[in-house]
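Novice: From first to last, the protein sequence lines stand for chains D and S. Reading the first sequence from the start, the letters are residues 1 to 264 in full-length UniProt numbering. Reading the second sequence from the start, the letters are residues 1 to 264 in full-length UniProt numbering.
No lab work stands behind these hints, which were simulated from the structure alone. Treat the hints with care, since some could be wrong.
Here are a few chain D residues that face chain S, going by a calculated C-beta distance under 10 Å [unchecked claim]:
1) Gly80
2) Thr88
3) Gly143
4) His155
5) Gln158
6) Val160
7) Leu176
8) Ala253
9) Leu257
None of these values were measured; they are calculated from a predicted model. Glycine included, every Cβ here is placed at the ideal spot set by N, Cα and C.
There are 2 protein chains.
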Amino acid sequence: MADTGGGDNLTILKLGGSVITDKDTPETVDDDALAAAVAAIAESPAIDDESDEANLIIVHGGGSFGHVHASDHGVSTTEGTHDPAAVTAIHGAMKRLNSVVVDRLQAAGVAAVPVHPLSAVARDGEAAVSLPTAAVGSLRAEGFVPVLHGDVIAHAGQGVTVISGDELVTGLADRLGAARVGLCSTVPGVLDGEGDVIESITDFESVAAALGDSESTDVSGGMAGKVEELLALARPARIFGPDAVGAFLAGDAPGTLIDGGSRD
Amino acid sequence: MADTGGGDNLTILKLGGSVITDKDTPETVDDDALAAAVAAIAESPAIDDESDEANLIIVHGGGSFGHVHASDHGVSTTEGTHDPAAVTAIHGAMKRLNSVVVDRLQAAGVAAVPVHPLSAVARDGEAAVSLPTAAVGSLRAEGFVPVLHGDVIAHAGQGVTVISGDELVTGLADRLGAARVGLCSTVPGVLDGEGDVIESITDFESVAAALGDSESTDVSGGMAGKVEELLALARPARIFGPDAVGAFLAGDAPGTLIDGGSRD
């Protein structure tokens with residue numbers, strides 16, 4: 001039951017910050033969870049194939065690295081700062097986490113290389129994202145697997161604000177024409193009021209009540225936001241749990257399908 | 001005797017890798033030299049002015065950080081690698097140097113923030129550079145001083161190759177319309193056969209003999225290359241020594257003027 005989309009063979013995989021870090025301890029990697037995700041990626045057809053071009057881009061969240069510093073400095077996706085020390089505190093923490101992820105992927109045989117959004121991405125005064133893909137696209141064409149992360153980026157009139165990993169995923173998927181988009185969360189999918197995985201979501205209204213009610217959806221850092229972000233994407237995406245990374249990369253259809261249906 | 005160019009009030013300052021590092025000891029900062037450059041920058045009118053926009057972009061070279069690793073892995077501006085471990089070795093060393101430079105500038109009151117070229121810049125198959133300026137331009141508009149560095153970048157058909165700080169300087173100057181461009185080298189300017197500073201250079205042929213002959217010009221890592229790069233720039237630039245950073249930023253005209261005269 002493989003699902004495919006438009007574009008080429010590109011898969012964009014997001015590893016949630018709460019999946020790969022211990023969210024309760026500042027700047028602590030969840031070694032077992034990261035090792036499991038790395039193993040699933042290293043064994044996947046996206047890495048194994050014989051094309052010269054890499055068919056995978058990885059984005060990870062902040063977890064106990066970026067979020068702690070962002071919170072300390074009062075910075076969010078809408079609240080900015082002009083303090084350069086806040087920029088380097090948040091960005092530096094995310095680069096430390098990114099370095100761990102990239103190193104572990106390389107050690108497992110994945111040609112991972114770091115890409116830091118602050119160096120390339122910006123928001124204008126209407127919060128629209130400018131996301132040049134020269135580096136990501138060219139690295140991928142040369143066989144490297146770009147590994148991006150939630151970060152702070154310049155934001156007109158605000159200094160810098162946070163860009164989430166989810167927003168990078170949809171921005172890259174739109175611009176690069178990803179065939180498959182998957183978000184690995186701490187939960188096995190978007191859960192309904194009874195805690196069961198919703199099979200597919202095509203509009204927000206039908207699930208708003210469940211997303212608002214369920215405590216269990218909040219541990220991943222805002223499931224409602226993820227669903228809204230993915231519904232706006234002009235291609236289908238999936239939200240699934242840590243155990244399903246391998247299945248997703250193999251072409252299976254775990255977790256919840258999010259498909260807003262807009263194709264422009 | 002101030003020299004001005006077109007564009008707005010933007011100054012681009014390059015700090016040579018051999019100026020701010022001890023080139024003979026791997027990954028060693030020249031603390032005194034960096035402190036002097038940082039002090040000159042912090043006191044300069046480019047930082048002191050009252051505009052909300054930062055009027056300065058800083059680029060630094062690799063010195064004993066990037067060059068050692070690039071050499072170990074056989075990577076240069078023309079010789080590439082597809083080895084992800086080589087990418088992170090070279091890029092990681094440059095990020096360590098960049099972090100020191102940014103931290104010292106911040107400690108001196110400069111709103112410095114890091115910008116890593118690997119995340120944004122790429123070369124095509126004809127080695128033409130794609131250098132998106134969304135992040136650099138937006139950071140600057142918000143009052144931050146972007147601090148870039150020589151790096152490895154994706155290069156079509158080659159994996160990654162080195163982009164020098166000098167090439168970033170001219171690329172940014174062209175795209176952002178810098179009013180003033182200055183390269184701080186270890187020597188007080190481009191030296192003639194007698195070791196005297198040449199006042200101005202408008203074509204390469206007139207100085208080729210001196211640049212080829214003089215041992216003293218080689219310590220900065222290829223003065224001939226710098227001169228050629230700056231002659232191709234559609235605006236005047238200066239090469240000067242470590243003692244002249246403050247004078248240059250104050251609007252004076254130290255060292256050697258390089259002006260190829262092309263204005264397109």
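Novice: All the hints need checking, so say for each whether the structure fits it.
Specialist: Verification of the hints:
This hint holds: Gly80 of chain D has a C-beta 8 Å from the nearest C-beta of chain S, less than the 10 Å allowed. Proximity of Thr88 of chain D to chain S holds as hinted, the smallest CB-CB distance being about 6 Å (cut-off 10 Å). The criterion of a C-beta within 10 Å of any C-beta in chain S is met by Gly143 of chain D, whose closest approach is roughly 6 Å, and the hint holds. A least Cβ separation of about 7 Å between His155 of chain D and chain S falls short of the 10 Å threshold, and the interface hint therefore holds.
Residue-level restraint check for Gln158 of chain D holds (minimum Cβ-Cβ distance to chain S is 8 Å; threshold 10 Å). Checking Val160 of chain D against chain S by beta carbon gives a least distance of about 7 Å; that is within 10 Å, so the hint holds. Contact between Leu176 of chain D and chain S, as hinted, is not supported at the beta carbon level, the nearest pair being about 14 Å apart and thus beyond 10 Å. With 10 Å as the threshold, the beta carbon of Ala253 of chain D stays out of range of chain S, its nearest partner Cβ sitting at about 30 Å, so the hint is violated.
For Leu257 of chain D, the interface hint is violated, the least distance from its beta-carbon to any beta-carbon of chain S being 32 Å, above 10 Å.
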